[in-house]
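Enquirer: All chains, please: the whole structure from these sequences, using the hints.
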Amino acid sequence: MRYVIIGNSTAATFAIEGVRSVDGEGAITVISEENRPAYGRPLISYYLYGKIPAARMNYRPASFYEENRVEVLLGARAERIDPAAKKVVLADKREIFYDKLLVATGSRPFTPPVEGLETVTEKFNFMTMDDALALEQALAPQTRALILGAGLIGLKCAEGILHRVKELTVVDLAPRVLPSILDEEGASLVQRQLENEGVKFALNDSVLRFSQNVAHLKSGKKVAFDVLVVAVGVRPNVELVRDAGGEVRRGIVVNERQQTSIPDVYAAGDNCESFDFSTKQNRVLAILPNAALQGECAGKNMAGGKAAYLGGAMFNAIGFFGSHIATAGVYEGESYVERGENTYKKLFYKDNVLKGFILINNIERAGIYTSLIRDMVPLDSVDFDVIKRAPGLMAFASKVRGEKLGTRRER
Amino acid sequence: MKVVYVNEEWCLGCHLCEYECAFANSGDTDMVRALKDREIFPRIRVEDGENDVHFAVNCRHCRDALCVKSCIAGALSKTEEGAVVIDREKCVGCFTCVAVCPYGAIMPDAEGKAAQKCALCTDNLMGEPQCVKHCPNRAIVFEDRG
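Top to bottom, those sequences are chains A and B. Residues are numbered in this note's numbering as their position in the first sequence, beginning at 1, plus a constant of 244. Residues are numbered in this note's numbering as their position in the second sequence, beginning at 1, plus a constant of 126.
A hint or two may mislead.
What the hints assert, rightly or not - For lysine-lysine, the following PhoX-like pairs were computed, each having C-alpha atoms within a straight-line distance of at most 20 angstroms:
(1) Lys239/B x Lys295/A
(2) Lys632/A x Lys594/A
(3) Lys444/A x Lys410/A
(4) Lys462/A x Lys444/A
(5) Lys648/A x Lys128/B
(6) Lys466/A x Lys367/A
(7) Lys216/B x Lys295/A
Derived by calculation from the structure, the hints in this document are not laboratory data.
Expert: Laid out in structure tokens, this is it:
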């Protein structure tokens, strides 16, 4: 059996483990556009921040590929899938034949069409280690940096580079920071903290045009900068599957076994859609745990196992300069709120289940809330008055607790 | 594999396991020196409720552990025996694991810079789980239940 994986990040790594948990024999080939072994992608901001050296960013031990007998083609770009001949054609015209193929190509940064963007010489994305290293090279103590996008990527980049630059401004169309995961009140708390650290914001604003090193904003402001980071969003890499005739909506369409509509071709990670059980809709859930679970599921099934990925929900854990934020689910229904000087907690519940939460600087044991959402635990089966104040197992019925603490757990 | 299990009917709520855990993982050989006048950050935590209900919670070492799947750094992994362990040299303290653990059994360490969790006393010099060894009422046991 020949297993071929296009991509070499989270989904691919877990797919390798998934395949090997079922099939110790078959040949595994990984086609990796990046010229390095898999690393924790979200670590790039921690690298620039100085929290982890490059040498410790490997996602798996150095022996991983050898131990799992994986051939990794580094610096190789897949150009096309030929499903009839069951082969992947690389940009250098090499042909890699597969019996089972996983497309784990992730996503790529989206570049907005802004007038004059081509006149900016020092512009970067913030997605890969190469991006981080290139950005690092461009920074100097006198640098004025401009980041487009106050989302997860833009703000982690801001944290990573703030101490390396003289001035840092973040621009976003949205009226608040982290608009995809925070409400107004939570966002203002996070923004205030970032401002205290020295980050400047131009929110509810956008760049009308660039003229070399000046950004002309819609508000009339002008921001002079030396280095630009574009972090306005990502687009799933669906082209290989779409061009091969596979079904694609916003992301690659897969079933519960992570199979695409093309026989023997699977997809996992940020490039495909999954069932979001909190919104009851299919959408791209571009978060790392999702890629891991889908990748593992795909790997097991490619090897003849029986695994199913039944869906997930939006979930994020992030922090800046020592703060810690955890969010999950959807923000609808009734809410329970606690506020402190630097803390914020908001739980959303509806139809007898917890739908979502926002936690800022009070994330201890937050996973218990996440499990209430994931397992759709009926809130009348727990002591919600207890658990809403502090997540704990005490709020569960004694029998349920006995199972949690007295039996071997699957998950 | 052998995992730490808790029977709340036997738990007195004495919190001794927390002190033994903190001591076991302090690296010190003298309990008084290790713990006296210090805030402790044990990896096992006792919950106290109404009607004299108490129980200790530590890592369940799930077969299909969500924390391992969610770690952005690859710092969490499973040993061959099946224990979930953390490489604190790799942990960047994002605490995604804290936000996914259904048991609330993984937490920030004393400095708040990395996550910590029970490794069944395999990562200290104790040789066996000290919470189990020192539980005065055998509410905490180390057994193979599958």
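Enquirer: Which hint numbers does the structure go against, in order from smallest to largest?
Expert: none
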